[in-house]
Amino acid sequence: MECKITNRSELIENYLRRELPENEMNSFEEHFLNCNKCFAELQLTQQLMGFIKSESKELFPEYLHISKTKETFSLVEYVKNLLSIRWAIKPGLSYAFAIAFSGLIIITIYNTTFNNDSANSLNTGQTEQLSSNFIESPDLESIINQEFRSEEVLKVLSPKVGEEVKNKLTFKWNSTTSEKLTIKILSNKEDLLAESTPVNNEYELDVVANNYKAGLYYWKLESKDNLLYVGKFFVK
Amino acid sequence: MEIAKEQEIINRIHEGDSSAEEELIKLLYPRVKMIVGSRVAEHEVRREIINDIFVSVILKIRDGSYENERESTLISYLNGVARFKIQNYYRRYYRKIKMEVNYSEEFTDNKELYDYIKLDVEENEEIEQNKKFWKEMINKLKPKYKNVLFLRYYDDLSVIEIGNKLNISPQKVSDYLKYSKQLLLKEISENKNENIF
Numbered sequence: 001m002e003c004k005i006t007n008r009s010e011l012i013e014n015y016l017r018r019e020l021p022e023n024e025m026n027s028f029e030e031h032f033l034n035c036n037k038c039f040a041e042l043q044l045t046q047q048l049m050g051f052i053k054s055e056s057k058e059l060f061p062e063y064l065h066i067s068k069t070k071e072t073f074s075l076v077e078y079v080k081n082l083l084s085i086r087w088a089i090k091p092g093l094s095y096a097f098a099i100a101f102s103g104l105i106i107i108t109i110y111n112t113t114f115n116n117d118s119a120n121s122l123n124t125g126q127t128e129q130l131s132s133n134f135i136e137s138p139d140l141e142s143i144i145n146q147e148f149r150s151e152e153v154l155k156v157l158s159p160k161v162g163e164e165v166k167n168k169l170t171f172k173w174n175s176t177t178s179e180k181l182t183i184k185i186l187s188n189k190e191d192l193l194a195e196s197t198p199v200n201n202e203y204e205l206d207v208v209a210n211n212y213k214a215g216l217y218y219w220k221l222e223s224k225d226n227l228l229y230v231g232k233f234f235v236k
Numbered sequence: 237m238e239i240a241k242e243q244e245i246i247n248r249i250h251e252g253d254s255s256a257e258e259e260l261i262k263l264l265y266p267r268v269k270m271i272v273g274s275r276v277a278e279h280e281v282r283r284e285i286i287n288d289i290f291v292s293v294i295l296k297i298r299d300g301s302y303e304n305e306r307e308s309t310l311i312s313y314l315n316g317v318a319r320f321k322i323q324n325y326y327r328r329y330y331r332k333i334k335m336e337v338n339y340s341e342e343f344t345d346n347k348e349l350y351d352y353i354k355l356d357v358e359e360n361e362e363i364e365q366n367k368k369f370w371k372e373m374i375n376k377l378k379p380k381y382k383n384v385l386f387l388r389y390y391d392d393l394s395v396i397e398i399g400n401k402l403n404i405s406p407q408k409v410s411d412y413l414k415y416s417k418q419l420l421l422k423e424i425s426e427n428k429n430e431n432i433f
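Respectively, the protein sequence lines represent chains B and W.
Numbered per the working numbering, the first sequence spans residues 1 to 236.
Numbered per the working numbering, the second sequence spans residues 237 to 433.
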């Protein structure tokens, strides 16, 4: 059976990185169940990604100099490499430049940091709090936008996954089931913030009136016995 | 799978030919594993779901109900069953119900077949053996291809970021990625090392 896919490599990379929308993911899976060519390349790419990710440091250390170092970052080493590799300055001279340049940067940072002590510590505290509101819940992230029921039974109309909201957000869905559906709003730490069982398949959330802080939030649609949908939105 | 081949396997399974069941599993197991693996992280749970998928499909073919109710090809049907089983797992997971898979006695009596599905436990040993193979294959690539592979798969840089880093166009980066994979596939098929997968 001849394969008609033209953007195979790109499709495979997006699939393995889980960057495909659910419907495209399902289509591609049904395709590679049948297509030897696509499945062979998919397996190769998956193995290659895994192998390079896990074995590079041990087996290919010579290639790490062109990559950003993930562990200890040495400013001196970075500047030295920059000067040696990019501008072909002799190693001894580039080392001297690197040390001088690094020293200048450190002095500048020191002056800036220690002359703004109290302001910095307050900002650091606020920044930490703000960033913690955006941390994803691994459990909920893994089931975002999963279709637990077919579109004939439940179709979520709004909001889109990851929508940003400043004032009000309307949740809308079409449901042919006779079961009453409950909508629940959760923080990123899965704390229940709001719950409602609307009769008209619509729920409006006023994030300003309800004092929702900037951050990541999740929402669920549930029947009495089942979870039907999980989505997420951001408050800016 | 060609339609004629699919029908042949279905007929043989329905007639009680266990070698046909083994053939079906061997053919589709890696692909079903890919589908389940893309959605379920835990190794043990993955294996249980894959087993559940094959048990469901094979039992349905055996008793003739797949043919009687047939609405799609076997591959489409299998894909649907896989998605259903994965959704079911998440429904149970989120309601904190432990994963329970009840294998039909009729299925597990066929030990050789069931043991085949347990191949996964030997996966880690195979990966160790394949490391040497992968290193040799990658070392055969030219440096320009190796650079791009490492920046893409080790550093997770995008095509544009790699282009900026190496001073080449994003199109060239995409081409290098594509060619390097084609070269590796060609090497693998020439070495006929099918066990790499």
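Calculated directly from the structure, the hints in this document are not laboratory data.
It is possible that some hints are incorrect.
If you want a taste of the chain B side facing chain W, the calculated C-beta under 10 Å gives, among others [said to hold, decoys possible]:
1) 2
2) 3
3) 6
4) 8
5) 11
6) 16
7) 17
8) 18
9) 30
10) 43
11) 44
12) 47
13) 158
14) 166
15) 177
16) 227
Sample of chain B residues with no beta-carbon within 12 Å of chain W, all distances over it, derived [said to hold, decoys possible]:
17) 28
18) 107
19) 155
20) 173
From a predicted model like this one, the values you see are computed outputs, not experimental measurements.
All residues carry an ideal CB built from backbone N, CA and C; glycine is no exception.
Each hint, compared with the structure:
Restraint check, residue 2 of chain B versus chain W: the minimum CB separation of about 12 Å is more than 10 Å; hint violated. Because the smallest distance between the Cβ of residue 3 of chain B and any Cβ of chain W comes to about 14 Å, over 10 Å, the interface hint for this residue is violated. For residue 6 of chain B, the interface hint is violated, since its Cβ never comes within 10 Å of a Cβ in chain W; the closest pair sits about 12 Å apart. Here the hint on residue 8 of chain B is kept, as its CB sits about 9 Å from the closest CB of chain W, short of 10 Å.
With 10 Å as the threshold, the beta carbon of residue 11 of chain B stays out of range of chain W, its nearest partner Cβ sitting at about 12 Å, so the hint is violated. Contact between residue 16 of chain B and chain W, as hinted, is supported at the beta carbon level, the nearest pair being about 8 Å apart and thus within 10 Å. A least Cβ separation of about 9 Å between residue 17 of chain B and chain W falls short of the 10 Å threshold, and the interface hint therefore holds. Interface hint at residue 18 of chain B: satisfied, since its Cβ lies 7 Å from the closest Cβ of chain W, which is below the 10 Å cut-off.
A cut of 10 Å between beta carbons decides the hint on residue 30 of chain B: the least distance to chain W is about 5 Å, and the hint holds. With its C-beta approaching chain W no nearer than about 5 Å, residue 43 of chain B sits inside the 10 Å limit, and its interface hint holds. About 6 Å separates the beta-carbon of residue 44 of chain B from the nearest beta-carbon of chain W, less than 10 Å, and the hint is met. Taking 10 Å as the C-beta cut-off, the interface hint given for residue 47 of chain B holds, the closest approach to chain W being about 7 Å.
Taken as an interface hint, residue 158 of chain B does not check out: its beta carbon lies about 23 Å from the nearest beta carbon of chain W, beyond 10 Å. Interface restraint check for residue 166 of chain B: the shortest CB-CB distance to chain W comes to about 29 Å, outside 10 Å, so the restraint is violated. For residue 177 of chain B, the interface hint is violated, since its Cβ never comes within 10 Å of a Cβ in chain W; the closest pair sits about 15 Å apart. Here the hint on residue 227 of chain B is kept, as its CB sits about 5 Å from the closest CB of chain W, short of 10 Å.
Distance to chain W contradicts residue 28 of chain B as a non-interface residue, since its nearest Cβ pair spans about 10 Å, not more than 12 Å. Taking the minimum C-beta to C-beta distance to chain W, about 29 Å, the non-interface status of residue 107 of chain B holds against the 12 Å cut. The Cβ of residue 155 of chain B sits about 16 Å from the closest Cβ of chain W, beyond the 12 Å cut-off, so the non-interface label holds. Distance check for residue 173 of chain B against chain W: the nearest CB is about 18 Å away, which clears 12 Å, and the non-interface claim stands.
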